[in-house]
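Engineer: Modelling step: build the complete structure from the supplied sequences, incorporating the hints.
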Amino acid sequence: MKTIYRAADILEAHIVAGMLNAEGIEAEVAGFYQQGAVGQLAPQDFARVMLIDERDADRAERVIAQYEEREPLPPGERGQAESEDAEEVAESSRLAWWLVAAALLLLVFSWAIT
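Just so we're aligned: 22 in UniProt numbering is position 22 of the sequence shown, and the numbers increase by one with no gaps anywhere.
Since the hints were derived computationally from the structure, they do not count as laboratory data.
Treat the hints with care, since some could be wrong.
Claimed, not checked - Pairwise CB distance ranges (calculated):
no.: 1; residue 1: N21; residue 2: A86; range: 23 to 33 angstroms
no.: 2; residue 1: A86; residue 2: I15; range: 19 to 29 angstroms
no.: 3; residue 1: T3; residue 2: P72; range: 18 to 28 angstroms
no.: 4; residue 1: A57; residue 2: L11; range: 18 to 28 angstroms
no.: 5; residue 1: A8; residue 2: S110; range: 53 to 63 angstroms
no.: 6; residue 1: L106; residue 2: A8; range: 49 to 59 angstroms
no.: 7; residue 1: D85; residue 2: M1; range: 29 to 39 angstroms
no.: 8; residue 1: F109; residue 2: E28; range: 52 to 62 angstroms
no.: 9; residue 1: R62; residue 2: L105; range: 55 to 65 angstroms
no.: 10; residue 1: G18; residue 2: P72; range: 13 to 23 angstroms
no.: 11; residue 1: T3; residue 2: E71; range: 22 to 32 angstroms
no.: 12; residue 1: L99; residue 2: D9; range: 34 to 44 angstroms
Just so we're clear, the structure is a prediction, and the values are computed from it rather than from any experiment.
The beta-carbon is built from N, C-alpha and C at its ideal position, and this holds for glycine as well.
Structural biologist: If you want it as structure tokens, here you go:
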């Protein structure tokens, strides 16, 4: 196995490994359990993406280069996506409360009838 990418944190390592796996390149995250030993010290170089088959190194490096070239979303677009997600959560919460209220009403009516 070969280290193909050193991530800033374990989450980024999983993102990169997932991208590689989606492209048919076998990769694993190494150093996952080392983060527990870090404690109060600053984590340094423990989140790594390991390539299973070294023959895939060229393809993996191209995928990683594409990942690193991506620009983050501008603040306006990021906020719009977050507000859409918040609206979906609020809508599903309202639906859940209506279902709970209906169940309670059915319970009260069935109790009153008996």
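Engineer: Now tell me, hint by hint, if it's right for this structure.
Structural biologist: Do the hints match the structure? See the list:
1. Distance hint check for N21 and A86: the Cβ-Cβ separation is about 31 angstroms, which falls inside the suggested range of 23 to 33 angstroms.
2. Here the CB-CB span from A86 to I15 is close to 23 angstroms, well matched to the stated 19 to 29 angstroms.
3. Hint check: T3 to P72, Cβ distance near 25 angstroms, so the stated range 18 to 28 angstroms holds.
4. The hinted window of 18 to 28 angstroms between A57 and L11 holds, with their beta carbons roughly 23 angstroms apart.
5. For A8 and S110, the Cβ-Cβ distance of about 57 angstroms falls inside the hinted range of 53 to 63 angstroms, so the restraint holds.
6. The beta-carbon spacing between L106 and A8, approximately 52 angstroms, falls within the hinted interval of 49 to 59 angstroms.
7. Distance hint check: the CB atoms of D85 and M1 are about 37 angstroms apart, consistent with the given range 29 to 39 angstroms.
8. Remark: the range hint 52 to 62 angstroms for F109 to E28 is upheld by a beta-carbon distance near 56 angstroms.
9. A C-beta distance of roughly 59 angstroms is found between R62 and L105, which places it inside the suggested range of 55 to 65 angstroms.
10. At roughly 18 angstroms, the beta-carbon separation of G18 and P72 lies within the given 13 to 23 angstroms, and the hint holds.
11. Hint check: T3 to E71, Cβ distance near 26 angstroms, so the stated range 22 to 32 angstroms holds.
12. Hint check: L99 to D9, Cβ distance near 39 angstroms, so the stated range 34 to 44 angstroms holds.
Taken one by one, the earlier hints all hold for this structure without exception.
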